[in-house]
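K.L.:
Listed below, chain by chain, are the residues.
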Amino acid sequence: MIPVCPTTALPPGEATRVEADEPIAVFNVDGEFYAIDDTCTHQDASLADGWLDGCAVECPLHASCFDLRTGKVSGPPAKTPVRTHRVVVQDGMVYVQAGTTAEDVA
Amino acid sequence: MTSTIAVVGASLAGLSAARALRDQSYDGRIVVIGDEVHAPYDRPPLSKDFLAGTASLEDIALGAPDDEDLGLEWRLGTTAVGLEHLSRSVQLSDGSEVRADGVVLATGARARRLPGSEGLDGVHVLRSLDDAVALREDLAAAGRLVVIGAGFIGAEVAATARKLGLEVTVVETQPVPLAGPLGADMGAVCAGLHADHGTRLLTGTGVARLVGTGRVEAVELTDGTRLSADVVVVGIGATPNIEWLAHSGVALGNGVLTDARGATNTPGVVAVGDCAAAWSAAAERHVRIEHWTNALEQPATAVATLVGAGGPVPTPVPYFWSDQYGARIQFAGSRREGDVARVVEGSCDDRSFLVVYERDGQPVAVLGMNQPRLFTRWRRQLRAAVPTAS
Chain A
1 MIPVCPTTAL PPGEATRVEA DEPIAVFNVD GEFYAIDDTC THQDASLADG WLDGCAVECP
61 LHASCFDLRT GKVSGPPAKT PVRTHRVVVQ DGMVYVQAGT TAEDVA
Chain B
1 MTSTIAVVGA SLAGLSAARA LRDQSYDGRI VVIGDEVHAP YDRPPLSKDF LAGTASLEDI
61 ALGAPDDEDL GLEWRLGTTA VGLEHLSRSV QLSDGSEVRA DGVVLATGAR ARRLPGSEGL
121 DGVHVLRSLD DAVALREDLA AAGRLVVIGA GFIGAEVAAT ARKLGLEVTV VETQPVPLAG
181 PLGADMGAVC AGLHADHGTR LLTGTGVARL VGTGRVEAVE LTDGTRLSAD VVVVGIGATP
241 NIEWLAHSGV ALGNGVLTDA RGATNTPGVV AVGDCAAAWS AAAERHVRIE HWTNALEQPA
301 TAVATLVGAG GPVPTPVPYF WSDQYGARIQ FAGSRREGDV ARVVEGSCDD RSFLVVYERD
361 GQPVAVLGMN QPRLFTRWRR QLRAAVPTAS
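Which chain is which? The protein sequence lines are A and B, in order. Taking the UniProt record's numbering, the leading residue of the first sequence gets 1, the next gets one more, and so forth. Taking the UniProt record's numbering, the leading residue of the second sequence gets 1, the next gets one more, and so forth.
Hints in this document: simulated from the structure, not taken from any laboratory. You may find that some hints are simply not true.
[Stated by the list, open to error] The list that follows gives simulated cross-link-like pairs (lysine to any residue, SDA-like), each with its CA atoms no further than 20 Å apart: (1) Lys163(B) x Ala179(B); (2) Lys79(A) x Ala140(B); (3) Lys72(A) x Ala64(B); (4) Lys79(A) x Gln381(B); (5) Lys79(A) x Lys163(B); (6) Lys48(B) x Arg127(B).
Note that the coordinates shown come from a computational prediction; the quantities given were computed from them, not determined experimentally.
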């Protein structure tokens, strides 16, 4: 598991980027944590820099939208989904299990 | 009888219109007419990754797997040459016509050319995929590039050519590049990227003529300077593709004139994207916007108008971006002369900053260089600040 940060360092509405083989973006939506690939599938932009609107993140560059729960595209111009990753909260710390999709454990 | 909507134009605005029609539950026939033979593709990469050879045609295709479900009838490689507004039929270059109950005009714009450059090899404009392929081939064998026009397209081509190892000179008639959209101060800051990366920028000088027989050899400036060139790129703006509507009865100005919801003066005909000049209550005039985001977002409103769905008139905050020399420039809002530009983060010298333009103490526009996260926050703030007209 990759340690991300203390839960207190990622308040609701915020996002952070974690370096991994492929960078991962971790979001706090009203206390629920979600992790997806950080790089937009449309063009090179960091989704952690994007705008969080409910369970969707809007890419900061071209406004592609992705559903944080499924990784699916919810707004163009992106064509392909991003991968989701499992988030674990333990002892006040946020961790990400890269390569484990959120749906695997749902 | 099944109704038909003809979408004239198969780029971002046309495709977005077709998608919006299905989103809004239109289940009739949709015919998409495009003068290029290519399926819809994304134009911004044409001056950047596609030109550099790092993005393929597949990479820049706009079509998504789900688009197959849209059930669109494509008429690609066919130019619309006329519109009969009473029967709402679109006449095509192959002599056929498409009769429709509704028409979406999305014919875009074309690159302005330099008078006297016709028939001279090595002189390019950049608008279409074919333009980009031809330019890419020419750049591969070239050593010296002269770019005429230091706007965003010109600057991006210059940056890409530098990356490819060419010697690049950019010529701009205005004293400061990009002063129109960004203001003189910030235009100068952005144009500073050229010098940072070894591109020569000559401002305040016009082009007298292109020199060469058969193939361009040099660009002669109005001050007498002669710039040797293997390739010349002309980036001096775009003209809306509306001549084909001259006898249609559709009102034209600097683009197809529409109200704020995309309706033209002709019932059942709406216009979107680069070819459309929509009424702006804020500007109190028709405004033709050539931005990618406008072509993406505007069709939803126009299509709602066409199918009679109505809804509030959106008041979008104009947004555009440019990638040059690895720097990401983003701008949102509407800037006027007299607005005060204030650096609120970073510094211009570091090429990483956020500038807010203020009018009467209120933010009206924002410019970021390499500040996507902060820029997005400001952009959303501007969007929230704009009242929605009813």
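K.L.:
Where does the structure disagree with the numbered hints, that is, which hint numbers, in rising order?
P.N.:
1, 2, 4, 5
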